[in-house]
Structures are given as structure tokens and as C-alpha cells.
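As given, the protein sequences belong to chains A and B, one line each in that order. Position 184 of the first sequence, counted from 1, bears residue number 183 in numbering that gives the first Met the number 0, the numbering being contiguous throughout. Position 157 of the second sequence, counted from 1, bears residue number 156 in numbering that gives the first Met the number 0, the numbering being contiguous throughout.
It is worth saying that the hints were derived from the structure and are not from the lab. One thing to keep in mind: the hints can contain errors.
To be verified - Below, computed lysine to aspartate or glutamate pairings styled on EDC-like, alpha-carbon distance capped at 16 Å:
1. A:K278 - A:E243
2. B:K118 - A:D82
3. B:K1 - A:E9
4. B:K1 - A:D260
Stated by the list, open to error - Sample of chain A residues lacking proximity to chain B, with all beta carbon distances greater than 10 Å (derived):
5. V16
6. H63
7. R120
8. R147
9. I259
10. V275
11. K278
As the list claims (entries may be wrong) - A short, non-exhaustive set of chain B residues, derived as facing chain A with CB atoms under 8 Å:
12. N17
13. T23
14. G42
15. G47
16. K57
17. A58
18. N60
19. L63
20. N82
21. A97
22. E132
Glycine included, every Cβ here is placed at the ideal spot set by N, Cα and C.
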Amino acid sequence: MSSRILPDFELLMPQSVAEAVGLLSSYGRRVTVMAGGTDVLVAMKSTPSPEYVMSLANIPGLAHVLFEPAKGLRIGAKATIADLLANPDVKRHYPSLWHAAEIFATGQVRNTATVLGNLLRASPAGDCSCAIYAIGATVVFQSESGRREVDIDDFWLSYGVTARRADELAVELLLPPPVQGARAAFRRLTRTNDDLAKLNVAVQLEMLGDTCTGARLAMGCVAPTPLRLRHTEALLKGREITAELLQRIVESVPAEISPIDDKRSTAEYRRQVAGVVLKRAIEDACRAA
Amino acid sequence: MKDAQITLQINGEEYRLNVAVNRTLLEVLRDQLGMTETKYGCGTGECGACTVLVDGDKAINSCLTLAATMDGKRITTAAGFANFGELNYIQQAFTDEAAIQCGYCTPGMIVKTASLLAKNPDPTEQEIRHALEGNICRCTGYEKIVKAVKKAARTAPGAAVAEPAASVEVAQ
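With the hints as constraints, model all of the structure from the sequences given.
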């Protein structure tokens, strides 16, 4: 295997969603779907190649990032990280996602990599995946038998594995409309700026004055998939956010995570910093108002 | 399919090509067309040596792009900025500031700079560093490169009042 030469494969270039779904129905798991290709092609340079690669390049549409105040945000399968950043509604109404997009990889990758691709890669380190998990979302699949919606809470099954069935194409991501009084933040740690995260965290808080009435906390690089910190969420809910509560949260996080040693960090370090990074993200969110 | 017929407009000229589907845009530029100004660095989208512009000002890694999926696109490489051997203001600024020690990262740096200045003709140092985060230099050092980008911004035709698109116009 070489990072220079791609192995042999057959390229499928459907002209419509209907044609793409038909191809998936015929070939199933023998097809690797490629939108931006920034993950798929890197993987193909280092692991056995799929028999078929299906590019979405010739399918018209699907690159939308559309906000409607009552309905929320719709992100098409071909919308890139750069497309998110170009949308002022994302910056205004989904600031944690916008922040994750801003520091995502490099400019060249942001111009090519897609938001849905980041979710479908099912890496525990995905920055947009982490931010989207905290916000909450629905992934829309299309197959010959119709449309299926999967809640992001049920989307990642294990490392590299999602709820997508072999005959389904992920066509769209739906984010809920912004809630009055909601506050959000995203933070991550990396070795160098353009590196994959060694730890990332996103928080979505619903506040009534200083009291937290609801929370979704997502953390990456600490489990086989992006992880929701449900125990810590329960600690926050219904309580006033004080220094004392934040200290309890710092102490509760290590018990909820199962990090490993890898080339970007160690399990021990991740355990030590996870609670602190989460605390700082909660403080960021409270300040953001 | 194993081969694709595509048309690319590269630095203002049209090329009709038959490409193997497992060839990246970088391989087609370098090996099929002999346009070696765009460099192979890491092959995994981290170093930026292979950066080219698509449809005007969109910088991408050509090592992570299948040529077969680029039918009909306008591609600009570092050589596309020169006009019959005369350097353009970005290339001249890199030369003047000696931001070109071994030169391997330079084509990617030039292309990414063009993409930055097209959108932001007067970037701050922080904006320059953010824009170049996907371009790795291993010998010149980034100080001279950042200085070169600042100089390019100052010396752009009609600096600070130029139409953004004008700064990346391809030499015909």
C-alpha cells in the first residue's frame, strides 16, 4: 500500500439520487460511497480497496445549507464544511457547530469534506460530529423502499459503523430549531492546530436564569464512538451552575469515559483532562449567552 | 467504469482527457500532462504541496481528488499565475521575501495565498496563519512566508480596492 497510488476499483457516477439508490440496492456493501473523498481516498491508500466506489459528484443538488427559524437547519449530503462556514445563520444560531467547522482540519479539506461524511465516517474524533451530537440531529436516509430517519442518538453503533443500511444513501441532516435561552460551546485539544483531536467536547445547555433546565454533553476520542455524558447531564439538570457543581462535574466525567492510548494521546492524560475541558466548555457556553 | 472521458480547463486552456478512474487529479496533472509544478507531498491531505484552485478561488488537495470526478472544472496551478514567464505579484512577493528556500512547498503556498487574497485582500497575520494551516513548510520557516503574503497583499494590482476575483485571474 502506498499513499501515492490508489488501487484498482470500478467508479460509479450516478446522475440522480434515484440512480444512486438503485446502485446501492444492487451492489450493497460492495460499494463505498464517496462525497468529498477526504476520508475515503486516504483509507483506500492504506487498506484493501472496495470493489466499487460511488461518487456523488454528478448528482445535482444535495449541497444545501438551509435555515428556517421554525424548522431548523437542513444540511445536504454534499454540503461541505466550508459551506457551513459561509452561512451566517449557522454562525448565529448554531455557534458550537460553526466553531467546530472553523477549526476543522485545513482550508483545503474544509473545501472538500462534507458534514454528513464526517458523521458517516463514525470516527470518535470527528469535530463536527461532536458538535452535532450535542445539538441533537436527525439523519435522513433514502433507499428504494423509501425514506428513513434516524436520531443521532441511535446513529453510531461502534467504531466506523453507523445505522446506515447497505441499500441506503444518507441524503440530509436535520438540526432542530434553536431554543430560546439555549447556550452552546465547542472545545478541543490537538497536538498541532490542523491535527485530529485528542479530545473534543460540545455542550448544549438550556438555561432559565442561572439554572440549567436541560443539557446535552458530547465528548469525542474517549470511547469507540462519539459519546454522550448522560450521567453528567443528569448532574446539571435542574441545578444552578455554581463553582461547586462544576467541580463535581470535573470529578464525575472520568467514570463515564473509556479512553485508550493512541498516537495522539494516552488514556491516562485523556482521563485527567476530560472533566476540566468539559468544565471550561460549560463556562464558555454560560458566557456566550 | 474503469476509465473516464473528462474535460478540464487548466490555467485557461482546455484539455480533453481519458483518465483511469483511480488516478488523482495530481497524478493526471503531473504524470499525464507533465505539469510538475504541483507537488506530491504526503498523499493524505495534510501538507498542502498539491494544492490547486477549482473554479476560481476554491483551494483543494489534488492528491485527494479523483480526476474522473472533476469533469468540466476550471483548475489553476501555481504556474497559471505567471504570464509568459513573468511572475505575478504573489510569486514576486515570495521571491522578494526569500520565502522559497527549497521551493517544494512554494507552489502550494502560492496557490493557497491566491485563494486567501481573493476572499480577503487585506488579511491580518492571524488570518494569514489560519489560511496557511494546511500548507506545511519544512525548511524556509513560516516567518518569511507570512511576510511574503503580507507583501503580496500590499502589492496586489489596485491593492485593497481591487475586485476580489481579479487577484486570481488566470493568465490566458
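Hint by hint, here is what the structure shows:
1. A:K278 - A:E243: Roughly 11 Å between the alpha carbons, so the hint for K278 of chain A and E243 of chain A holds.
2. B:K118 - A:D82: It holds: about 14 Å lies between the C-alpha atoms, which stays within 16 Å.
3. B:K1 - A:E9: With Cα atoms ~5 Å apart, K1 of chain B and E9 of chain A stay inside 16 Å; holds.
4. B:K1 - A:D260: The given pair, whose Cα atoms are some 41 Å apart, is violated under the 16 Å limit.
5. V16: holds, 17 Å
6. H63: holds, 17 Å
7. R120: holds, 14 Å
8. R147: holds, 27 Å
9. I259: holds, 22 Å
10. V275: holds, 25 Å
11. K278: Non-interface label stands for K278 of chain A: nearest chain B Cβ at 27 Å, farther than 10 Å.
12. N17: violated, 14 Å
13. T23: holds, 7 Å
14. G42: holds, 3 Å
15. G47: Hint on G47 of chain B: holds, closest Cβ of chain A at ~6 Å, below 8 Å.
16. K57: holds, 5 Å
17. A58: At 5 Å from the nearest chain A Cβ, A58 of chain B passes the 8 Å test, so the hint holds.
18. N60: holds, 5 Å
19. L63: Holds, because the Cβ-Cβ distance from L63 of chain B to chain A comes to roughly 5 Å (cut-off 8 Å).
20. N82: Since the shortest Cβ distance to chain A is 25 Å, the answer is violated.
21. A97: violated, 24 Å
22. E132: It holds, given that the least Cβ distance between E132 of chain B and chain A is near 5 Å, below 8 Å.
Comparing the model with each numbered hint stated earlier shows that hints 4, 12, 20, 21 do not hold.
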